[in-house]
Amino acid sequence: MRNSAKAEAVLALHRFGTGPRPGSVTAIESDPRGALIAELDRPSAAVAASMLPSSAKAFRTVADANARRQAKAIVATKQEAAKRQQMADASVMTEGTTPGMSASAEKMAAEAVPDPGRPIYLQEAKVRTDAALSAEIGFAERLVWFWSNHFCISANKIQSMSGAYEREAIRPHVLGKFVDMLLAVEGHPAMLFYLDQAASMGANSISGINRARGLNENLAREILELHTLGVRSGYTQDDVIAFANVLTGWTFVPPGDNPEHGGEFIFNPRLHEPGPQKVVGKTYEDEGAEQGRAVLRDLAAQPATATHIASKLARYFIADVPPAPLVERMAKAFLDTGGDLKEVARAMISSPESWDLPATKLKRPNEWVVGMVRSTGIVQVDAGRFTGGQALLGEPLWRPSSPKGFPDDEASWIDGMGRRLDVANNFAERVATTADPQDIIETVFASTVSDEVKMAVGRAESRQQALALLFMSAEFQRR
Amino acid sequence: MIFAHHLPNRREALLGAGALFAWSQMPRLARAEGRDPRLLVIVLRGALDGLGAVAPVGDPDWVALRGDRALILDGKTPALPLDGFFALNPAMPNLHRLYKAQQATIVHATATPYRERSHFDGQDVLESGIGRPGASATGWLNRALLEMASDGRVSLRDSRVLGVGSVTPLVVRGRAPVMSWVPQKLLPASEDTQARLLDLYQHTDPKLAVALEARIRLAAIARGAGMVTEPDEATPAAGIAGVRAYFAEAAGTAARYLARVDGPRVGAMGFVGWDTHINEGAASGQLANLLGALDGALAAIETNMGDAWRETAVAVITEFGRTAKINGTDGTDHGTGTVAFLAGGALRGGRVVADWPGLKLAQLYESRDLAPTTDLRAVLKGLLRDHLRVDERVLASNVFPDSAGVAPTSGLVG
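Same order as they appear, the protein sequences are chains X and E. Here our numbering is used: the first residue of the first sequence is 1, the next is one more, and so on. Here our numbering is used: the first residue of the second sequence is 1001, the next is one more, and so on.
I should point out that these hints are in silico values taken from the structure, not numbers from a laboratory. Keep in mind that a hint or two might mislead.
[Stated by the list, open to error] Some chain E residues well away from chain X (every beta-carbon gap over 12 Å; in silico):
| no. | residue |
| --- | --- |
| 1 | D1192 |
| 2 | Q1194 |
| 3 | R1196 |
| 4 | E1249 |
| 5 | N1279 |
| 6 | D1330 |
| 7 | W1356 |
| 8 | K1360 |
| 9 | A1396 |
| 10 | S1410 |
[Said to hold, decoys possible] Computed footprint of chain E on chain X; a stretch qualifies when at least three of its residues, placed anywhere within it, have a C-beta under 8 Å from a C-beta of chain E:
| no. | region |
| --- | --- |
| 11 | 112-124 |
| 12 | 418-426 |
None of these values were measured; they are calculated from a predicted model. Cβ coordinates follow ideal geometry from the N, Cα and C atoms, glycine included.
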């Protein structure tokens, strides 16, 4: 049985896009599937044109502020110590001077040199969110969200680069080749910093011999477990160690005296473990940074990677437990095209399973909240408030609690309904004078909501309550 | 402009709201008298059950009408006696104290001229001051300020009306500039909204229903265990504790502004959640909780006004009342006559203003609602005339158009 055109358009917007907004159903109802494919051919240029600082520049800005702050704290501590000394000379000495910096000096320094990392983070958040609100469908943005979470870093660890990382390593490749994204991600300073690769060194490297420090397996393991093959796919601890050895030397330029440099990727041969390494059944000769790239290229082409990526994508877009034929078709498209992600997306759109399943997938907080805002026609957010709302809902932007990223299943999120209600209630209050719940039902959702929702909205005590109930309805929560 | 979370801190809110200079010139007549009056209007959205708030315990038909839901003087939670005939909901000890100190007046069996039962339209009439809904984009409080500006008693340039909440209440909307303040707390959805959503989920999405029920239950446990904590921005307190905090914060902050020498003199805010169709709980449930939160808000206003409390009048009004009888779901449906609360050091209080219509079936409006016998506009006009010194003719023509036949209630203040 075929859905009506309008219902299919609404489903397309929820399931593959960032949710219906005024005019979007009309724009795509003649051919929702074609409209999805068409959007992939003309992704938004807004983010690329945003003039935000590069990750290296952002990193240097924060590093520079940190250095100035520290210098101020040192000076202030010395001054305090001198003052105390004078007073002590004039009276009885009661205690010795404490090494390090005093709390008051640090506080003074923090006020004198505020952290530029947060404003950068908020600018990035705004550009990203506004892009999702402005997109006609938002399919390409949803792909960015997916991959950004798949290859997540955390702004808790490296705030300055968190937005630039997504723009530089993720966004250019979501409709390109998986291997190109993989290479961009694993060589990005933000990832090298986040997963502790930057300081990893081979035991037999020049630096390793001279110092009592060594290998860090973190990035190598997560690449195998999370980014490519997937957990329990056959690789061993030896593979992890060998791969970690391969990756030694992948680091970034430290911020220093040169204001034009710092924060860029660099291969440092002094850290690199010399010699060949055997990773997942294949031996890779030592060719410096090329050794690691060769491993990544092979991992990207593995069938296990294709299945891992296809399953995750299908789970993200379609259902917590996606239909096996769909996953197989997407995995096949991945392998047949050398990991062409646009072709994988096409395979998903053209599979009947992607359209036949009822809307049971619980939206993640960010999907839900962006959908809510979109339905009102708002295309600009206050980044401070918006990211605050995301944090409140349990999905703080670019701050997952582990390298696994935010979870993607109903059980993880359904207990957050209370928080969603508070946020919906609050947003409803803010937009109650401009957003009309009947209009959202009739024009934005093309009257595809249930009679129960229409009734609850119609009987509400106020427009705010009507909007809150509508935003909380299953039609807004599930896709 | 999206979420209330990580809301502007106090300083940011002030900056965002523009300058705080307001009414550097007081109404001339008031100034000549050496007075500096303040007026704060609180709109209860959703329609307050006047009989659940102020019970006519002296009416012989009262207990028969509401049965064991009737507030009585010797009930399990005894109502607070007012004047021998009326008694106040036990959740409002502060208002009761103010009443005893002649600083609060209760108006009963009152209503606007609106006689239908739509919340939207009822609130529109209540706040616009116009007899029919949808007729005006401005509110009576704003127009009152404009009138004072037009005869030179107030400099409009320096005047501001204070609107609290991220949406400016209609009552203060208009040509006189509005200064708005958004409370920092994330207002938790009302018990009523939660109940409605739960009902919707039970009919459409059982899994979401289970999740929401869990949250509601958790809030009840927190309440029972006395786990009431001040909500912070990251974790709003669940349920009524959050509502209490929000009411107190919003009202208390408005009072702080109104108290300032250079602050606004007129303000308005809205509180939602009064549409008690299911499990009203006048004595110990939903309504008692809300009235308790309102009582806390009044206490916060009194405290934060400081010395200015002497010159303050607070008017608590709602769009209409509810059915006289309890409905089939232990609640009340939309009605007509209800109560209004007036509080403040400027009042000549300690009395209930009511032309009691009675509760027998034939005495009820359309055989179901408390009949309105006092036009709410009379009370508001009385306040504006005697407290702010707005001209009575202007009140009848521009502030409450077509209300010439509704004489301002005398003796409310002074």
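Looking back at the hints listed earlier, which ones does the structure fail to meet? Going through the list in order, the structure violates hints 1, 2, 3, 11 and respects the others.
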